[in-house]
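The primary structure of each chain is shown beneath.
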Amino acid sequence: MIKTDTLIIGAGPVGLFCVHQLGIIGLKCEVVDNLDKIGGQCIELYPDKPIYDIPAIPECTGEELTNNLIKQIKAFKTNFHLNERVEEIKKVEKKWITKTNKGTEFESSSIIIAAGVGSFEPRKFPTKEIEKYEGKQILYSIKDKTAFKDKTVVIFGGGDSALDWAIELSNTSKVILVHRRDDFRGMQASIDKANQLKEEGKIEIYTKYQLDSVQGKEIVESINIKHDDKTIKEIKTDYVLGFFGLIMQLGPIAEWGLNLDKKTVPVNTESFETNKEGIFAIGDICSYPGKLKLILSGFHEGALAARGCFKYAKPDEKYRFEFTTSSKTVKDRLGVKQ
Amino acid sequence: MSKITYNTHDNKVHTIDVQNGLTVMEGAVQNDIPGIDADCGGGMACATCHVYVQEEWWGKLPKKEDGEEDMLDMAYEPNKLSRLSCQIVVSDELDGLVVSIPSKQG
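Taken in order, these protein sequences are the chains called A and B.
In terms of our numbering, the first sequence opens at residue 1 and continues consecutively.
In terms of our numbering, the second sequence opens at residue 1001 and continues consecutively.
Hints are supplied without guarantee of correctness; some may be wrong.
Stated by the list, open to error - Selected chain A positions facing chain B (in silico; Cβ < 8 Å): (1) R123; (2) G158; (3) G159; (4) F244.
Said to hold, decoys possible - Heads up, simulated PhoX-like pairs for lysine-lysine below, C-alpha to C-alpha not over 20 Å straight-line: (5) A/K208 / B/K1064; (6) A/K208 / B/K1080; (7) A/K132 / A/K95.
What the hints assert, rightly or not - Stretches of chain B that chain A covers, calculated by requiring three or more beta carbons in the stretch to come under 8 Å of a beta carbon on chain A: (8) 1069–1075; (9) 1080–1089.
What the hints contain is simulated information worked out from the structure, not anything from laboratory work.
Ideal placement from N, C-alpha and C gives every residue a C-beta, glycine not left out.
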């Protein structure tokens, strides 16, 4: 059980700046995120796209913003629990106990949900009958590539994940790459390599095809792929891999007894607390009259939510407002040499 | 204002007056048309505002940017009439546009 003052769910820009705001008022926090890296949508959806509306930063990319925020909170030595999704929360006396899908448990006096539109999950095949094979022969990520040795693997997708795995697995497996259109969107070098392997007869590539159906009893025996012109082709295979990127899903947050308005959590605008005492919501996931889904609004929300957490973490102390420019205590916490 | 018709997966037809200059996605979200999630808020960074454009309207729409085609790779059951509704700006030329919303967005 990890004990801390505040648990932050979501390591996007808003969660990161909230670490800063908690840190300067002397509260400790831990951060959980389902992605394998820090940065949330900024890093997953638009690492290279420029952002023009961060105050005092005329232009930066999602990746630069993330890196600067990480730098800004370095002094607080915050623990990040990546690749973990919060599953359950419950209140035990005055503390919140939180459990992740990996079994990590936290005890905190408050929780700040900075989860954007929810956690990123792999996009799945739309085909209905495949559920019983998912996680066995139909996969959306690869944990152990040796499982595919000397097997037939059909890979769907047109981005870097699909191309990289097609190239990698072609060394040890029979690889068939299927994509819905002729153009691949991965790196040119990978596209060239895949085409070269095709010419050498090391992989097969079918474009303008999508998955149509899966045949098999207990295990997948073959799949049908359908061309844009409706013709069907059957492929015998051992594994089917889909790389269609990630989609955001609210997931377990919907089960925690929080008020929900569509996919957002209503909050008060004084402290961004939800209907549950000690649970706050900031950034894209919160809603209130006038809400703007801007990173800068999330920063403001995080600053106020951090102050809202203070009374739960230190019920016997009075919170004092201090400026970073003038407070010796705050500068100490930031590790500023004085 | 232009009339935009959204056919939703539950076989309902919603015809809405959408202000010119808004996107087809915004017209749906502001009028609570179900099935358009628009998770990224119109940044062409997800694929959850995916719609199928009625064939007769296809040629009247502005062409897709490369980025839109890339995102459509990730959409749920894309076909040759697929577009991201956040990239279709409503104008007088599109008065009467009909789009269908897929059964889900992910």
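Against the structure, the hints:
1. R123: holds (6 Å)
2. G158: Holds - the Cβ of A/G158 comes within 8 Å of chain B, reaching about 5 Å at its closest.
3. G159: Status holds, d = 7 Å.
4. F244: Hint holds; A/F244 Cβ to chain B Cβ min 5 Å, cut 8 Å.
5. A/K208 / B/K1064: Holds - the C-alpha atoms of B/K1064 and A/K208 are around 18 Å apart, at most 20 Å.
6. A/K208 / B/K1080: Holds, because 10 Å separates the two Cα atoms, which is no more than 20 Å.
7. A/K132 / A/K95: Since the Cα atoms of A/K132 and A/K95 sit roughly 39 Å apart, the hinted pair is violated (cutoff 20 Å).
8. 1069–1075: The restraint on the region 1069–1075 of chain B holds, since 4 of its residues have a Cβ under 8 Å from chain A and three suffice.
9. 1080–1089: With 1 residues in contact (Cβ-Cβ under 8 Å with chain A), the coverage given for the region 1080–1089 of chain B is violated.
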